[in-house]
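S.K.: Given next are the chains, with one letter for each unit.
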Amino acid sequence: DSGVTQTPKHLITATGQRVTLRCSPRSGDLSVYWYQQSLDQGLQFLIQYYNGEERAKGNILERFSAQQFPDLHSELNLSSLELGDSALYFCASSAGTVAQPQHFGDGTRLSIL
Amino acid sequence: GENVEQHPSTLSVQEGDSAVIKCTYSDSASNYFPWYKQELGKRPQLIIDIRSNVGEKKDQRIAVTLNKTAKHFSLHITETQPEDSAVYFCAAASSNTGKLIFGQGTTLQVKP
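Residue numbers (our numbering), protein chains in the order written: chain A, 1 to 113; chain B, 1001 to 1112.
Everything labelled a hint here was simulated from the structure, so no lab data went into it.
One should not assume that every hint holds.
Unchecked claim - 16 angstroms max Cα-Cα, derived EDC-like pairs, lysine to aspartate or glutamate:
1. B/K1042 - A/D1
2. B/K1037 - A/E75
3. A/K57 - B/E1002
4. A/K9 - A/D71
Stated by the list, open to error - Sample of chain A residues with no beta-carbon within 10 angstroms of chain B, all distances over it, derived:
5. A14
6. S31
7. L43
8. R55
9. E62
10. H73
11. T97
Stated by the list, open to error - Derived Cβ-Cβ restraints for the label pairs, each shown as a range:
12. B/S1095 - A/E53: 33 to 39 angstroms
13. A/I12 - B/K1058: 28 to 34 angstroms
14. B/D1059 - A/E53: 31 to 37 angstroms
Think of the CB as a built atom: it goes at the ideal place given N, C-alpha and C, for glycine as much as any other residue.
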């Protein structure tokens, strides 16, 4: 158990819909990262938050947004879903912002029908 | 842009043999290099990491080496066991942000 909790484990929805993925970091960790893992793209960095503030952004689509709340949990919102958004979405957390071990949650598997 | 190349994409070894996976990174500002093991359908699990001020790090059967000049780093697994079979990812993080740029992954198969 990594201590990082992600919900839900599975999501099945249709094109055009909107979903919210939730992540609770390990106790004491201030940084939260979101990654997307698809078969053809591997593990891709989406976005990082540190103590409530956006810290770094990857190739995150405009249809995707995220935030980190005062209790440090984070949510990733995906809207106007397309078939290509089907993937495993991982959240990771670390104590600080740089050169810190990142521990991954079990992921949310998103399937778009 | 930032890129990490990982080779080979697949590796098959006999139990007891050694396995080596190599990665090359492009961002000279990278200063942290973790390795993750991912079993099918599971989360990536951190197995070892190295920072840019260190050339080598070892943890039991696993070791990582870093050549900053050549921008290469490698994972070495000795005395491989069937339970080492998994996908292994290297990654690099820049000194400015914590974001990890991952290699494409290596599927390691250890044959009993």
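S.K.: Can you let me know if the beta-carbon spacing of B/D1059 and A/E53 is within 31 to 37 angstroms?
M.R.: 34 angstroms, holds
S.K.: Holds or violated: the 28 to 34 angstroms window for the beta-carbon distance between A/I12 and B/K1058?
M.R.: Given range 28 to 34 angstroms: violated, Cβ gap about 44 angstroms.
S.K.: Taking C-beta pairs only, is A/R55 more than 10 angstroms away from all of chain B?
M.R.: Nearest chain B Cβ is 6 angstroms from A/R55, so the label is violated.
S.K.: Minimum Cβ separation between A/A14 and chain B greater than 10 angstroms?
M.R.: 24 angstroms, holds
S.K.: Sort out whether A/D1 lies within 16 angstroms of B/K1042, counting only the CA atoms.
M.R.: 11 angstroms, holds
S.K.: Could you see if the CB distance from B/S1095 to A/E53 stays within 33 to 39 angstroms?
M.R.: Once the Cβ atoms are compared, 19 angstroms apart, the range 33 to 39 angstroms for A/E53 and B/S1095 is violated.
S.K.: Next pair to validate is A/K57 with B/E1002; report whether the Cα-Cα distance is within 16 angstroms.
M.R.: 13 angstroms, holds
S.K.: In terms of Cβ atoms, is chain B entirely out of 10 angstroms range of A/T97?
M.R.: Per Cβ check, A/T97 is inside 10 angstroms of chain B; nearest 5 angstroms; violated.
S.K.: Please confirm whether A/E62 is truly not at the interface, meaning its C-beta sits more than 10 angstroms away from all C-beta atoms of chain B.
M.R.: A/E62 is indeed farther than 10 angstroms from all Cβ atoms of chain B, at 19 angstroms.
S.K.: Checking one constraint from the list: CA of B/K1037 to CA of A/E75, max 16 angstroms. Satisfied?
M.R.: Outside the cut-off at roughly 25 angstroms; violated.
S.K.: A/H73: least C-beta distance to chain B exceeds 10 angstroms?
M.R.: 18 angstroms, holds
S.K.: With 10 angstroms as the threshold, tell me whether A/L43 passes as away from chain B on beta-carbon distances.
M.R.: Label violated. Min Cβ-Cβ 4 angstroms, cutoff 10 angstroms.
Hints 2, 4, 6, 7, 8, 11, 12 and 13, counting from the list given before, are not met by this structure.
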